[in-house]
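Asker: Reassemble the complex: the two chains are provided individually, in unrelated frames, and hints are given to aid placement.
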Amino acid sequence: MAIFGLFGGTADAQDAAIVAAALRSDRFRQERERDWQRLEEIVRRMESGRFRKLSDADVLELPVLYRTVASSLSVARETSLDAATLAYLEGLVQRAWFQVYGPRITLWGWLRRFFGGEWSAAVRAIGPELLVALTLMVAGTVVGWLLCAQDPDWYYSLVPGGFQDERVPGATHEVLRQTLFGMQDKDGLSIFAASLFSHNAGIAILCFALGFAFGVPPLLLLIQNTATLGAMLWLFHGQGLTVDFVGWLSIHGTTELFAILLAGGAGLHVGRSMAFPGQRSILAAAAEAGQRAAVVMAGVVLMLVLAGMLEGLGRQLIDNTMGRYVVGYSMLTLWLVYFFAFRRVPQGSEAR
Amino acid sequence: MIFLFRHGYFLLFELGPRGATPGKRITGIRIAARDGGRLSPEMVLARNLLRDIELFLPVMLLMSAQGGDDMGAAGLAATGWFLCFALFPLFNRDRLRAGDLIAGTWVVEAPRRKLEAVLSAGAVAAGGTSEATGAQYRFGEAELAIYGEFELQTLERVLREGRPEAMVKVHDAICRKIGWEPGTGDERAFLEAYYTQLRARLESGMRMGQRKADKHA
Chain A
1 MAIFGLFGGT ADAQDAAIVA AALRSDRFRQ ERERDWQRLE EIVRRMESGR
51 FRKLSDADVL ELPVLYRTVA SSLSVARETS LDAATLAYLE GLVQRAWFQV
101 YGPRITLWGW LRRFFGGEWS AAVRAIGPEL LVALTLMVAG TVVGWLLCAQ
151 DPDWYYSLVP GGFQDERVPG ATHEVLRQTL FGMQDKDGLS IFAASLFSHN
201 AGIAILCFAL GFAFGVPPLL LLIQNTATLG AMLWLFHGQG LTVDFVGWLS
251 IHGTTELFAI LLAGGAGLHV GRSMAFPGQR SILAAAAEAG QRAAVVMAGV
301 VLMLVLAGML EGLGRQLIDN TMGRYVVGYS MLTLWLVYFF AFRRVPQGSE
351 AR
Chain B
353 MIFLFRHGYF LLFELGPRGA TPGKRITGIR IAARDGGRLS PEMVLARNLL
403 RDIELFLPVM LLMSAQGGDD MGAAGLAATG WFLCFALFPL FNRDRLRAGD
453 LIAGTWVVEA PRRKLEAVLS AGAVAAGGTS EATGAQYRFG EAELAIYGEF
503 ELQTLERVLR EGRPEAMVKV HDAICRKIGW EPGTGDERAF LEAYYTQLRA
553 RLESGMRMGQ RKADKHA
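Read top to bottom, the protein sequences are chains A and B.
Position 220 (the first sequence) corresponds to 220 in this note's numbering; numbering is contiguous.
Positions in the second sequence are counted from 1; adding 352 to them yields this note's numbering.
Bound-form chain B, shown alone (with noise of 0.2 Å):
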């Protein structure tokens, strides 16, 4: 029943469309063949007779062995058995546990995203005006040209968080680079137009063929 149970889990979900138990899935991985070919139930099977002796045997020695007196030595035994297949992952470049492989699989990270809102598409971004102060944002080639595509993802991860104190701290960060007055109250039209604008010099340049990583390129 336990066998059943055991195996049956990993074999029903892994098997399915998903590639992932539902334990995979909360945390965005799933299997997938090695070789960028087809999963097969083969590679399910094998890669998990193989969790048998990575996890059941020595959890089952150490079961045994309490109650025991010689619990010193089972246990003892247990756990560097337990250790070696624990550590395995660390000692190959793919990180590959025991029965991955065997099997011919790994686990690969396969998160399931939303479509995000276009962070450009506001009146902020398009004039770079600000709704609330009227206030218009132009920055100039020099005020551009200090930062990259680093800064311009954290840029953006900032926009998207839009946490108010992360905010206003890039907002001064900005302002104290390019030698602007750090103001406050405005700091998200601020940002969004930078971004809108450091991101057009960017794209610009990437067509061009010319890209520039972060700020010490």
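One chain only, chain A, in its complex shape (with noise of 0.2 Å):
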């Protein structure tokens, strides 16, 4: 029906009010409104997401009704002057594409798609990019280390003030031992530990988000915060508690680290793809690789929430270092056997 309506329409349409139109643009508006209107009452359900109210027969004539009107919008634009006619097949035309093509995916089906190795593709993806942000924090953190070492002062310019409590240069090696083990009882910990997130939360974002201005910010980003981290470790080194701090650090830090790691190399790709475009257009290569960066920034949300609660929980109840140790690489070793290891590609992906 919906097809012949586009010839001419059918009998029963031909009602009074046909005739009564004096011009045929209108005419030609009369004879087909109802399947413009039908269309339109599809397409709105479908916009509130009550998809069980469509019988099967809805469904079927969408795609039919949807070249109908088009086709009629296409006739109205070289006939018809009727402005408001025009925006609203226009207006409708619109809607119902962006139903009729737009995504079909549920979030449930996105987020096992995304665990099931999209998220791990987009990782290897930014590969390169990765190693040059694993280089620069470790460059940022010899610079740190060799910063303090040759005057203690740095430590202060480096180190942001929320540390600084007894982690101090001169501070002894009991004051800096307490700082790492049994703090249980203490109520200023969780405080301290939520505060540490959303530090490195905003870190991890800021990384990435900057990578749009050619991926500068996000170098300096990195060397100045693995900076801090070289100064603490010369501190703690100094008083021969090297291996016990980064006990402490990893229990939680190789997930953490790993995805500011990850933001930072996120951050970078976008940068480079606009710095070096190659055959496609800025804005085309910023889109492409924005979007690769987001799927591994999803997942860096998901890594920092999981640091978060080894920092506040693990790190309390685990209160020895070889404990801690176990902890920290085995989470990095099944990041790393995640990422790089785990390389099935799910069905229906559009990972590159």
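Misleading hints may appear alongside valid ones.
[As the list claims (entries may be wrong)] Once the Cα atoms are required to be at most 30 Å apart in a straight line, the calculated DSBU-like pairs of lysine-lysine come out as: (1) B/K466 - B/K521; (2) B/K376 - B/K466; (3) B/K466 - A/K53; (4) B/K466 - B/K564; (5) B/K376 - A/K53; (6) B/K521 - B/K567.
[Stated by the list, open to error] Residues from chain B that keep clear of chain A, each with C-beta distances beyond 10 Å, as calculated: (7) F357; (8) Y361; (9) G375; (10) K376; (11) M395; (12) V411; (13) G427; (14) L428; (15) F434; (16) L435; (17) M519; (18) R540; (19) R551; (20) K567; (21) H568.
Think of the hints as simulated: they come from the structure by calculation, not from any bench.
It should be emphasised that the depicted structure is a prediction, and the values quoted were computed from it without experimental measurement.
C-beta: ideal position from N, C-alpha, C; glycine also.
Answerer: Okay, structure coming up:
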């Protein structure tokens, strides 16, 4: 029925109103407006998410009606000067287009695809940038250490105020040891952990988001933040606590630093694609890299939440260095295996 | 918690079949993929992650600077930062914000319009006869030839809005232009008749491949 509507209308559509219309273009409209309104009703139901209320007939008719209305629009553009009808048709065709060709994936389906290989595929795709980011993080740590070793005053400028409680140059072995172990009873600890999480999540998102300034800010951020790490490492090393400090850091740090590494790599990836787009236009390159980096970032947020839990719970429950090493490095192994050994690409994935 | 809320809100609604948050829906816009393809979850994710540095970072900076003595420097930095991203859309052709640029999306107008009534279906329009006064409005070739499509659409808008004072004004203007003596009390019938006959003339021109954009054409 809908198809015939295109070629002059059916007999039952020819009611009294059609005869009354004076203009050919208005008669054209009156013959077809039932199809238009039917499509509008289907689209309205789909937009409000009530797919259950759609009958099979509606679903089957949707593409046919869509083409009918699209064709009505193209005819009307050439023959009608009724601005309101044209605007209505343009809006309807656009809305129907989004329903006919829109994304057909549920959040659940996307999550399954995400964990089932798209995330790790995206991480592998930014591999070169990850290497650069890793180099920078190591370099930042070394620089932080060396600067402090040369002149302890650097410690105060490298380490943000929040960490400068008792952990300052000149602190004794015992005081520093206290900060690593046996802090279960302190109330302030959970606040400290929470502030650390938001601090790190902030850095990670900054690393990614600033990537579009051609990747320079992520480089600086990575160096600056690992310099803090290097400075603290130097402090604890001075009192012979290197192994314990690394354990204290590793239990959540392997996950957290890995997440920051991924975020930095994602930022660099966007920046590099914009600086060197190759054959594509800058906008196209930025969009492609941005989407890939967004997949990585969704995972980064999850990793940071996990790191926060490891830090808040794990580190307090496991109060010895050996246990912390075991947890920290089994997490690291888990991530590495998941990202680089797990190479299944899920069905229907668009990962490149 | 706040983190979840400020990202969850946008993700939840923009991933839905409308591709728009309630605010976007009310203003009649939605997001779409720039290449004309499907809007994927990755795009929605990317464009919303960028909001963190566009908006939340300077706001946080401002809030943390409040109360401190160095309000001046931090406030200035935050304002500059914010302006940098707020003015970003003015410097590219498609008016993209930074998040849309990275995500490969754009925000398009998607107004929901009702199908308006047919203006040329009334008795006035068909015969040019006014119901109120019984007067018949017939316009000659020369009287219709002075206006184009732009004026026709303006007239259509006036008729659909139906504000009496606007109709009187337009009625007088048309009468002056075509050299008729403007009467009063029957403006709507006059305008409907003029609209229908002008449209009939312009549309038959269209079918012949002759279009007249406005009165100067």
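Asker: Confirm or reject each hint.
Answerer: Structure-based check of all given hints:
With a C-alpha separation of about 27 Å, the suggested pairing of B/K466 with B/K521 holds against the 30 Å cut-off. Annotation: proposed proximity of B/K376 to B/K466 holds, straight-line Cα distance about 18 Å (limit 30 Å). A hinted pair counts as satisfied when its Cα atoms are at most 30 Å apart, and B/K466 with A/K53 qualifies at roughly 22 Å. Among the hinted pairs, B/K466 with B/K564 is consistent with the structure: their alpha-carbon atoms are about 28 Å apart, no more than 30 Å.
Under the criterion of a C-alpha separation no larger than 30 Å, the hint pairing B/K376 with A/K53 is consistent with the structure, at around 25 Å. Distance restraint check for B/K521 and B/K567: the Cα-Cα separation of roughly 18 Å lies within the 30 Å cut-off, and the hinted pair is therefore satisfied. For B/F357, the non-interface assignment is confirmed: its Cβ lies about 14 Å from the closest Cβ of chain A, beyond the 10 Å cut-off. Separation of B/Y361 from chain A is adequate, the least Cβ-Cβ distance of about 14 Å exceeding the 10 Å criterion.
Non-interface call for B/G375 relative to chain A: holds, since the shortest CB-CB distance, roughly 16 Å, exceeds 10 Å. Annotated as non-interface, B/K376 keeps its C-beta farther than 10 Å from every C-beta of chain A; the closest such distance is 13 Å. A Cβ of chain A approaches the Cβ of B/M395 within 10 Å, the least distance being about 6 Å, so the stated non-interface status is violated. Listed as outside the interface, B/V411 is consistent with that label: its C-beta sits roughly 13 Å from the nearest C-beta of chain A, beyond the 10 Å cut-off.
Distance check for B/G427 against chain A: the nearest CB is about 19 Å away, which clears 10 Å, and the non-interface claim stands. Non-interface status of B/L428 relative to chain A is upheld: no Cβ of that chain comes within 10 Å, the nearest being about 19 Å off. Listed as a non-interface residue, B/F434 keeps its Cβ farther than 10 Å from every Cβ of chain A; the least gap is roughly 14 Å. Even its closest Cβ contact with chain A, about 15 Å, leaves B/L435 beyond 10 Å, as expected for a residue assigned away from the interface.
Under the 10 Å C-beta cut-off, the non-interface status given to B/M519 relative to chain A holds; the minimum distance is some 17 Å. With a least beta-carbon separation of about 16 Å from chain A, B/R540 lies farther than 10 Å from that chain, consistent with its non-interface assignment. With a least CB separation of 5 Å from chain A, B/R551 falls inside the 10 Å interface cut-off, contrary to its annotation. With a least CB separation of 15 Å from chain A, B/K567 remains clear of the 10 Å interface cut-off, as annotated.
With a minimum CB-CB distance of about 17 Å to chain A, B/H568 clears the 10 Å threshold, and the non-interface call stands.
Checked against the numbered hints listed earlier, the structure breaks hints 11 and 19; every other hint is satisfied.
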